[in-house]
Amino acid sequence: MPLVPNPARRSEKSQQAILSAALELCAERGYARVTIEGIAARAGVSKKTIYRWWPSKGALLLEAVDNAVIRTKPFPDTGDLAADLLAQMTAVVRLLAYPPLGPAYAGILTELQYDDELARAVQEQFIGPRLESCTARLRSAQAQGALPADTDLAMAVELLYGPLYYRHTLRREPHDPARIADLIAHVLRALRAT
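Each number in our numbering corresponds to the 1-based position in the sequence shown with 8 added.
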């Protein structure tokens, strides 16, 4: 069963109530203690409605997180690669490390270890489009001469975002903007040295 629900069968008001309720409950209780029953009660809908639109709690919360992140600004391209990376990476940390999205995203990352459908959906719906945005910005930096033409852009993305995910996954204190700026400087220096 695909994790992308049929939007034609949804009531916009109910959908938003469900997504909001799911994020609120994750922030209050943590992902593991959130149930479909609890989400339904908070949103004022039936469990049947939720299961008709989403196959699992993970799929529902993935959509809630994705919708919240989509409303943020697109990846900047001001011509200053370091500044653009700092703005985007700081926004990622702010969104995904703190409530209301942080607890939901941490739960999704745990759940995808055991749910192959959710893992695919996270890659296709959430990670993939964001990787492409970052890769496009790095490609633009190559065209501007800010990165060597032979830079492995996929590796560059992993070098930049890997430390953010490492800290998030291990529930360590997230990097502050100064530390993110240091990380970016180190990675860009390493990429230019190759």
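No lab work stands behind these hints, which were simulated from the structure alone. Because the structure is a prediction, the values reported are computed rather than measured. Hints are supplied without guarantee of correctness; some may be wrong.
Dumping the calculated EDC-like pairs for lysine to aspartate or glutamate here, alpha-carbon to alpha-carbon at most 16 angstroms [unchecked claim]: (1) 56 - 74; (2) 81 - 92; (3) 55 - 45.
Pairwise hint evaluation, residue 92 against residue 81, where the allowed Cα distance is 16 angstroms at most: Holds, at roughly 12 angstroms.
Distance restraint between residue 55 and residue 45, which requires alpha-carbon spacing of 16 angstroms or less: holds, 6 angstroms
Distance restraint between residue 56 and residue 74, which requires alpha-carbon spacing of 16 angstroms or less: Violated. Residue 56 to residue 74 sits at ~23 angstroms, over the 16 angstroms cutoff.
Figure legend: structure checked against the earlier numbered hints; the only hint not met is number 1.
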